[in-house]
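Heads up: the sequence shown runs through residues 14 to 660, numbered per our numbering.
Hints are computed from structural coordinates only; laboratory data are not their basis. Among the clues, some could well be false.
Stated by the list, open to error - Each computed BS3-like pair below joins lysine-lysine, with the alpha-carbon atoms no more than 30 Å apart: (1) K194 / K84; (2) K179 / K194; (3) K213 / K194; (4) K301 / K315; (5) K337 / K320; (6) K472 / K337; (7) K213 / K137; (8) K641 / K337; (9) K84 / K137; (10) K301 / K179; (11) K337 / K348; (12) K301 / K320; (13) K348 / K194; (14) K428 / K337; (15) K428 / K557; (16) K301 / K472; (17) K313 / K301; (18) K656 / K641.
Note that the coordinates shown come from a computational prediction; the quantities given were computed from them, not determined experimentally.
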Amino acid sequence: MIGRLVAFALHQRFITLALALLLTIGGIVSYHRLPIEAYPDVGDVQVEVITLWPGHSAEEVERVVTLALEKQLNGVPNLTFLRSQSLFGLSNIRVLFSDGTDPYWARQQVQERLVAAEVPGDVKPTMAPLSTVIGEIYRYTLHSDRLPLVEIKALQDWVLEREFLKVPGVADVISWGGGIKQYQITVDPARLRAYNLTLKNVFDAVAANNANAGGSYIPRGQYAVTVRGIGLIQSTRDIENIVVSAQRGTPVRVRDIGEVGIGHAIRLGVFGRDGEDDVVAGIVRMRKGENPGRVIDGVKAKLDEIKQLLPEGVEMRPYYSRDKLVDATVHTVLKNLVEGAALVVILLTLFLYNLRAALIVAVTIPLSLLFAFIFMDFRGIPANLLSLGAIDFGIIVDGAVIMTENIVRHLAERKVTGHRVTREVQHAAMQVARPLTFAVLIIMTVYVPILTFQRIEGKLFRPMAVTISLAVIGALILTLTLIPVLTTVLFRRPPSDRESPLIRGLRAPYLPTLRWCLRWPLVPIAGATALVALSLLVFTMLGKEFLPELDEGDIWLRVTFPLGISVEGARPYVREIRARLGQFPEVRAVTSQLGAPDDGTDPEAPDNAEFYVGLRPREEWRFRTRAKLAEAMDTALADIPGKTTNF
Numbered sequence: 014m015i016g017r018l019v020a021f022a023l024h025q026r027f028i029t030l031a032l033a034l035l036l037t038i039g040g041i042v043s044y045h046r047l048p049i050e051a052y053p054d055v056g057d058v059q060v061e062v063i064t065l066w067p068g069h070s071a072e073e074v075e076r077v078v079t080l081a082l083e084k085q086l087n088g089v090p091n092l093t094f095l096r097s098q099s100l101f102g103l104s105n106i107r108v109l110f111s112d113g114t115d116p117y118w119a120r121q122q123v124q125e126r127l128v129a130a131e132v133p134g135d136v137k138p139t140m141a142p143l144s145t146v147i148g149e150i151y152r153y154t155l156h157s158d159r160l161p162l163v164e165i166k167a168l169q170d171w172v173l174e175r176e177f178l179k180v181p182g183v184a185d186v187i188s189w190g191g192g193i194k195q196y197q198i199t200v201d202p203a204r205l206r207a208y209n210l211t212l213k214n215v216f217d218a219v220a221a222n223n224a225n226a227g228g229s230y231i232p233r234g235q236y237a238v239t240v241r242g243i244g245l246i247q248s249t250r251d252i253e254n255i256v257v258s259a260q261r262g263t264p265v266r267v268r269d270i271g272e273v274g275i276g277h278a279i280r281l282g283v284f285g286r287d288g289e290d291d292v293v294a295g296i297v298r299m300r301k302g303e304n305p306g307r308v309i310d311g312v313k314a315k316l317d318e319i320k321q322l323l324p325e326g327v328e329m330r331p332y333y334s335r336d337k338l339v340d341a342t343v344h345t346v347l348k349n350l351v352e353g354a355a356l357v358v359i360l361l362t363l364f365l366y367n368l369r370a371a372l373i374v375a376v377t378i379p380l381s382l383l384f385a386f387i388f389m390d391f392r393g394i395p396a397n398l399l400s401l402g403a404i405d406f407g408i409i410v411d412g413a414v415i416m417t418e419n420i421v422r423h424l425a426e427r428k429v430t431g432h433r434v435t436r437e438v439q440h441a442a443m444q445v446a447r448p449l450t451f452a453v454l455i456i457m458t459v460y461v462p463i464l465t466f467q468r469i470e471g472k473l474f475r476p477m478a479v480t481i482s483l484a485v486i487g488a489l490i491l492t493l494t495l496i497p498v499l500t501t502v503l504f505r506r507p508p509s510d511r512e513s514p515l516i517r518g519l520r521a522p523y524l525p526t527l528r529w530c531l532r533w534p535l536v537p538i539a540g541a542t543a544l545v546a547l548s549l550l551v552f553t554m555l556g557k558e559f560l561p562e563l564d565e566g567d568i569w570l571r572v573t574f575p576l577g578i579s580v581e582g583a584r585p586y587v588r589e590i591r592a593r594l595g596q597f598p599e600v601r602a603v604t605s606q607l608g609a610p611d612d613g614t615d616p617e618a619p620d621n622a623e624f625y626v627g628l629r630p631r632e633e634w635r636f637r638t639r640a641k642l643a644e645a646m647d648t649a650l651a652d653i654p655g656k657t658t659n660f
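Could you build all of it, start to finish, from the sequences and the hints given here?
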């Protein structure tokens, strides 16, 4: 079979070259369609259940809401872990499923069980959007000197969020800061007693008077006139005029027992930026499995339209965009690939001492990668630093080097020309084709155990094993087909039988060393054994970490305050931390998020504050490394009492 493949490629050279061209075009298209990430998403398939129950303590939320939901969710198929967290007014449950579970099927299973949960009538458990933490691709804040924060928050919730959700691939927009707008009634207890009323009377009266009613329609000739009663509250004056009761024929209105104003709901968290202690912010989250680059392009294309919808005096200021990380990842990968390919060409030229042969071998590098990209796109495997960075050019070109060197040697020795070149190339290729094939299969068996990894380690290393295996398979196919064809095209005249000066220089010390090792074989064996033992010893002393550090060019700081602190109690400390971090000339922007957003998607208590520290280009830094800068920042924050920092 291998011989027939080589013979077919040589006798149908036009078809072989046409297929190589199609491979190039298809690989380029697949590369542009591949999702490119810095790191793979190692999280399990999960469904997050969020339940808001404002005003209730964490203990009551756990006893009444969390335990009732856990009881229903414990029997979900493919369930691996069930993790819950109960905070003031918030229950958060994460349902984790086994690998391979379809996320939409998992959400359907969870939804069916939420319906049967026995929870209070005013409690409505909801599922968080299908997104993960690494899906946060765009962050911005809203500023205005004219509108109050509650109005800006309403603009964020009702205008910007809906517009961003129209972008394909956007799963959710998390809103921070400002507070949810409320119409609030401040009741005077003395007036309630004077009118012999209770808070429930006021509540029921307001609820009953905030509704529209339908009355069917009235025929008018050939037309129908719709009948309806309009009773929805439109302003504070409408609330003030609501009748709570009638005493001795005199109506008692809301304005008679208290004052009506506009305020905000109880805050679970606060967002600040630079010198502003409370601003409205939005975080755009990408749907799990989407292409980050494509989604970010869609978000940025939507920005011009969104800015036209903003009222006069409202400004949107972005401070983080994932496209910088994606572009840096692509640049790093391409830079490494180009440098590696150039180094391979230089070394091959030095060793083979034939530029044409070196270029033929080098062709296998980009084509084998394009071959891998096609199958990665077909299987939906994203490209990242771990998968692409693991590609070994030495393994890829091994077979091509052996094939090309053997063919060039035969042509140089036989001095064939004309139609006999093809026959001689086929003969030379057949000599090494079968050993090359078995050698590649042996190399691929190294990656078979990696393909069996599960969960986190599988998500980390399986794409790497698949990528390198596909590249090696592509290189083998090219070695057996395209390499012989290219030699018949580029070596119409026999190559000169010249030996590389580098080889001659290396042979002088190598041959005596080889003879000495063959004469005293125990010495090299003992040396190799000692080297392996020393390597194992050094390995035990090396540091270990879950993932290599990813430098996005910015700093993320988490500060933990004593348990039980309130949002208002932590705000002065958060303000001071932002001010001190902003004094560093390396810093361009500092944002802080204290506690949790109003929708409960990031369940944190007020004792947790997270800071995004945007940094200027490294050319403007006073410190050589980010670690030194973080150390200086930690020193600047050292005298703030009661806090723990984690950079």
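How the hints compare with the structure:
no.	hint	result
1	K194 / K84	violated (35 Å)
2	K179 / K194	holds (24 Å)
3	K213 / K194	holds (22 Å)
4	K301 / K315	holds (20 Å)
5	K337 / K320	holds (22 Å)
6	K472 / K337	holds (24 Å)
7	K213 / K137	holds (22 Å)
8	K641 / K337	holds (23 Å)
9	K84 / K137	holds (16 Å)
10	K301 / K179	holds (16 Å)
11	K337 / K348	holds (16 Å)
12	K301 / K320	holds (27 Å)
13	K348 / K194	violated (51 Å)
14	K428 / K337	violated (56 Å)
15	K428 / K557	violated (57 Å)
16	K301 / K472	holds (14 Å)
17	K313 / K301	holds (19 Å)
18	K656 / K641	holds (21 Å)
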